[in-house]
Amino acid sequence: MVTLDIISAWLVWVFPLVACVFVPLIAKKGDKVRNYFVIAVAAVTAAFAFSLVPGIFFGNGQPTESTIAWIAGINAGVYIDPLSILFTCLVAFFGLIIAVYSWGYMKGEEGLSRYYFLILLFIGSMIGLVISDNMLQMFIFWEMVGLCSYALVAFWFKRPASVNAGNKVFIMTRIGDVSLLAAIGILYMSFGTFSFHGIISDMQSAATAGTLNTGLMVTVFFLALGGAIAKSAQLPLFTWLYSAMEAPTSVSALLHAATMVKAGIYLLARFILIAAAVAPLMIALRPYWLPTVAWIGALTAIVGATLALTTTDIKGVLAYSTVSQLGFMMAALGSALNGAASVGWFASLFQMVSHAFFEGLGFLLAGGIIHALGTRDMRLMGGLRKAMPVTFALMVIMVITTSGLPPFAAFFSKGLIITSVTGAGYIAEAVLLYATTAITFAYVIRMLSLVFMGKESEHTVKQHPHEAPKVMLIPAGILAGLCIVWGFAEPLVTTFMHVNLGLTLLGSFTNIETPIFLALLVPTGLVLYWSYYKDYMGLRNIGGGSNPIATMLNHAYFFDDVYSAIAKGIGKFSDGLMHADDLANLGLNSFAGWFVRASSRLKKVPSTTIQNYIAAGIVGFILIVVLIILTVGV
Amino acid sequence: MDFVILSLVMMGIGIYGLLTNRQLLKVFISIELIAIAATLNFVMLVSSAGQGLGQAFLILAFSTDTAVSGVVLALLVIVTKKYGTSNINDILTMHEKRESEAEEYGDA
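Line by line, the protein sequences are chains F and B.
Using the numbering used here, the letters of the first sequence map in sequence onto residues 1 to 634.
Using the numbering used here, the letters of the second sequence map in sequence onto residues 1001 to 1108.
Among the hints, erroneous ones may be present.
[Said to hold, decoys possible] Straight-line alpha carbon distances no greater than 35 Å define the calculated DSBU-like cross-link-like pairs of lysine-lysine that follow: (1) K386(F) with K1081(B); (2) K572(F) with K1082(B); (3) K1026(B) with K28(F); (4) K1026(B) with K568(F); (5) K568(F) with K32(F); (6) K462(F) with K158(F); (7) K1026(B) with K572(F); (8) K568(F) with K1082(B); (9) K158(F) with K1026(B); (10) K168(F) with K1081(B); (11) K1026(B) with K29(F); (12) K1081(B) with K462(F).
[Claimed, not checked] Chain F residues, not near chain B, derived (Cβ > 12 Å throughout): (13) T3; (14) I478; (15) H498; (16) G576.
Worth flagging that the hints you see were computed from the coordinates, not collected in a lab.
Just so we're clear, the structure is a prediction, and the values are computed from it rather than from any experiment.
By construction, the Cβ of each residue, glycine as well, lies at the ideal position given by its N, Cα and C atoms.
Produce the entire structure from the sequences given, and follow the hints as far as they go.
The structure is reproduced here in structure tokens:
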């Protein structure tokens, strides 16, 4: 039966994908018309997305499917369940925010039709990714968001740095894509279907029959984890996210903070949902797969946070902060020992949304600051609070939310994550996450102090900074409001996700986490703040100096150095092979040259008379006749 | 499964060509060889499975591939004309030179 919900679920991704083609055409009518068109498309997409919310909220939490025939044997379709609709709404909402913000931020740039085309293409593909009902369709969209990411990072194609960053982003995420494709291939070979529904029911019947190959399925989950690691910038493939900061800031906010990097989280959440429906598989995942996910998450969290503490690039702080927060989500997913019935699964998704709000807010404000000062280097900034009071106020909200101070959004989500990780018995990971929260507070305070506090720097005075335009501040203000209220929406979100965890708002405050949080955060903040006002240069140049730790942090734990060493090794190998090939060619050439010389000698045999030709012809004829007689017989 | 070995060999030749050649056109031919090896693998798998639809899709794949080749060849001509050489290493060093000049461009 076709309900309104199903129509919305189809239109929500088909509509922006169709509309994006018209952007270059409508741009002929003028820039203003094009901008209105893009905002209208994003708004209609958001309306479609939010029209799906009541059906889920008041429904029973069971997935609804709608499919049409695509390739023989494979259907295309939409899969409406709480997880997909949560992501759909987030992407559509953020798409609208960025469509509005871009009007201010990208004003006067060249090639804006290309930019808006890619933004709409991205919104459509990303919603398509999360709402697909089968893995093949999901994988196609997975690649399409990767392509959009590449094209948008390399948007300023005249700057070599942007182009190189685009290539790096594309190549590094490709490693994970191969891994994910392998996972999908093994699932298809085992079950003969791509659809989530089909895979779950086939796994269940195989499990009842006792024929489910759990070892192979765990391998599939590890391969899917590989895909998530590359897409969600986890250890050891996280370095691309920092390079991706060459993109326009609006793109960083949409793709590299709020939505695209969450595709890996979505993938793992979806896979855990599949495993949760098949009891033997969930048991098989507990010894190795889930702890691996938790370890990767916890290590990424602390690595990202320490790097955010040292970088001097304002967008770099936000990029490494994203890496670190994605690590939190990963760790939470790793603690989901009972699938969707555990706190970890819900906590990860709750943190996913709150992170989108505060990190998106950070990027939107950073965009305004970069516009005002014309640089991304925080060492040149300072004293901006007088020139940009609204930005300053919003940034304070961002700082409080990011660090996880009560009562803003991240306090609830991070508290849940740490409860869940401790509850799953991952003590070492929980300690790492606690340490990360302290470092998180340190790096946001450092960013706030360097950019807004103290005396106005020379650069600031020279640039005459001014407040960002309203079209950039209003989207940021909406996000700041959501940062404040999102945490209190926790009971509503549990109802929406149809998880019954017995969580209460008051419980978050009375947890054991709250005092530890405050005990960690308040001294960290005070020490940093005091050191800044004492003109303690360590804060400014925390990555300066030549001690081993500073060197290690400046090189981002040498990950990129290892990668470039590998690339250089391949280059050396290729050069060696080229020389070997040249030598072989030399040998072949001398061999061929011998024939050439022989033939040129033969040419010199005097054979210019007609008699010689005739004589040679007769000898040849006789030879042929003799050969025929010898082989065939008379 | 002979065709799998054949396409593996073709892919091997393509990768060898990628590693040993520095001329744009030869690099492009090597890439095409890898693509054709993959397509050959698909077409043989499809024909052994006896499905007509796969072959229909392959015609689509081939025509897309041809269109892509057209674009890439046009790009090769432009690059060669602009830099006056078709050697990848030379083009890269010129690129780096331009990068150091563009360092002053600034952000945003």
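Status of the hints after comparison with the structure:
{"no.": "1", "hint": "K386(F) with K1081(B)", "in the structure": "53 Å, violated"}
{"no.": "2", "hint": "K572(F) with K1082(B)", "in the structure": "28 Å, holds"}
{"no.": "3", "hint": "K1026(B) with K28(F)", "in the structure": "40 Å, violated"}
{"no.": "4", "hint": "K1026(B) with K568(F)", "in the structure": "21 Å, holds"}
{"no.": "5", "hint": "K568(F) with K32(F)", "in the structure": "48 Å, violated"}
{"no.": "6", "hint": "K462(F) with K158(F)", "in the structure": "27 Å, holds"}
{"no.": "7", "hint": "K1026(B) with K572(F)", "in the structure": "19 Å, holds"}
{"no.": "8", "hint": "K568(F) with K1082(B)", "in the structure": "27 Å, holds"}
{"no.": "9", "hint": "K158(F) with K1026(B)", "in the structure": "27 Å, holds"}
{"no.": "10", "hint": "K168(F) with K1081(B)", "in the structure": "27 Å, holds"}
{"no.": "11", "hint": "K1026(B) with K29(F)", "in the structure": "44 Å, violated"}
{"no.": "12", "hint": "K1081(B) with K462(F)", "in the structure": "43 Å, violated"}
{"no.": "13", "hint": "T3", "in the structure": "31 Å, holds"}
{"no.": "14", "hint": "I478", "in the structure": "23 Å, holds"}
{"no.": "15", "hint": "H498", "in the structure": "39 Å, holds"}
{"no.": "16", "hint": "G576", "in the structure": "9 Å, violated"}
Against the hints set out earlier in the document, violations occur for numbers 1, 3, 5, 11, 12 and 16.
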